[in-house]
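K.L.:
Work out the full structure, taking the sequences as your base and the hints as a guide.
Protein chains: 2
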Amino acid sequence: MRGNIVKKYTESNPKTFEDRMCLILKMCKDAVQDAVNFNCRLLGVGISTGGRVNPQDGIVLHSTKLIREWSSVDLRTPISDALGLPVWVDNDGNCAALAERKFGHGRGVENFVTVITGTGIGGGIIHNYELIHGSTFCAAELGHIKVSLEGPECSCGSQGCIEAFASGMALQREAKRLHDEDLLKEEGMDMELAEPITAAHLIRAAGNGNSKANAVLHKASMALGVGIVNILHIVNPALVILSGVLASYYQAPVQHVITERVLVSAQSIKVVKSELEEPALLGAASMVLDYATRRTY
Amino acid sequence: MRGNIVKKYTESNPKTFEDRMCLILKMCKDAVQDAVNFNCRLLGVGISTGGRVNPQDGIVLHSTKLIREWSSVDLRTPISDALGLPVWVDNDGNCAALAERKFGHGRGVENFVTVITGTGIGGGIIHNYELIHGSTFCAAELGHIKVSLEGPECSCGSQGCIEAFASGMALQREAKRLHDEDLLKEEGMDMELAEPITAAHLIRAAGNGNSKANAVLHKASMALGVGIVNILHIVNPALVILSGVLASYYQAPVQHVITERVLVSAQSIKVVKSELEEPALLGAASMVLDYATRRTY
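First to last, the protein sequences are chains Y and B.
Quick note on numbering: the first sequence equals residues 1 to 297 in the working numbering.
Quick note on numbering: the second sequence equals residues 1 to 297 in the working numbering.
Don't read these hints as lab results, they were simulated from the structure.
This structure is a prediction, so every number in the text was calculated from the model and none was measured.
Where hints are given, some of them may not hold.
[As the list claims (entries may be wrong)] Which chain Y residues face chain B? A few, computed with CB under 8 Å, are given here:
no., residue
1, Asn111
2, Ile132
3, Ser135
4, Cys138
5, Val147
6, Leu149
7, His218
8, Met222
9, His233
10, Val235
11, Ala266
Beta carbons are placed, not taken as given, at the ideal position from N, Cα and C, and that holds for glycine.
P.N.:
This is how it looks when you write it as structure tokens:
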């Protein structure tokens, strides 16, 4: 089982619930059609989504304002009805952990955590080879681990969350702030150009010696590292797997913060970078593989 | 099974490893003698201790500087050899969780966490009716959840830990600071008296309207509350049980911080106060009851 993606369909996320559901159903039907061309039998539908998910019922319970109109949404029934296939749904962070368990660094590891640093920050926790979902399906909301009592405001409505310090969104916010104050200058980089300012600019500027950009990234790394130290002091996994666009950047500094700040007993815990291309999507697929073929429950 | 303590022996903690082991062995032998008078059969020895513990081997792996000379200590072998009885050892926080599971608010609860706010801060996490020990026996080190990137220095050598904000030690430190600055005054309270300044003075002063004392307690409650929010966002237990001398004080403010700062999906989670007299000791006893009688493993 190598976890190769045979075909991928990408669409931008519609703003309303109705448009989003229509698009999902259309993409599912397209995939059913295309499967014939690949000589594939579809075993079922696996869905990875943002927000808190009840995977037993296939329902998105609640989302932050990052995904509008995405609370109390039954995803299983309409898709299952339209396609005549079983449907499994989980949170994107949990799906990423399932992918690491089946295809990635988490294979055969009893306890590990995966932290996804992309636009937001999410994650999943494997304990005794199984996901921790929690009493109200709110476990492993790792982006909302708080490392400051005041700190920056977060999309969840609270503050001090590692997502508000270290996510792609947070770095973009800081990059824009520096740019507006004319502090993101660097040699050979024309900041007047039309391309939007992103975290990548910040990382490039820091790499070229921009001390303001460096300070922002240092704080972001510290926040993410301390957030992960909190995970180590709560569930003490054997391995931390970073994924998402910022994983390459964060791996070394996070390992450094852990070594500095964790209790002696947990200092041997390693931070590795995921080798999977799309962990959340692969994890959604792995639910179908595992449940439809009854390999594991 | 009511969890009553029949007899309790109390001694202050010797500073050296040798003196401590001698005292423990002496107290164990006294208890063996006394058991005859109570017409009791001793099933075994259960030990609750600070520090990280490998309960499979009965070894204290590592302690912070709160307990000197208490790392890599095999507790099982000498006690088992001296008494001819089986010996079970776990961390005090884990023991407290076992006590809540057997005798307290945790009975029949699949997932809960207990947080002990005494001199330090400790805790235990029950998931699927069992303790989470973690990959290096460092799980549920709840006192070392960090809620500040800078914050006060902690006994663990790091900083920003909730123990450094909200433990009895931390409140005593702040009470002494206010006292030294002559800011802990209150009507009818003679701060010149010989009794040592403690957290209790701080709480009393705050209750009498001392705004400096109030500010310290507000920050401590916020830190503890945010630390517990982090637990809710990582393992999402169904219940939070507070124990220790400061539990009565912290229950209401911690519940308030949770309501304000946790994700919507976890806002229904209740904070209750333990009704057990000595949860860590009862939990140590419960290991003996459960393991020696093979009721659970």
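K.L.:
Looking back at the numbered hints, which does the structure fail to meet, lowest number first?
P.N.:
7
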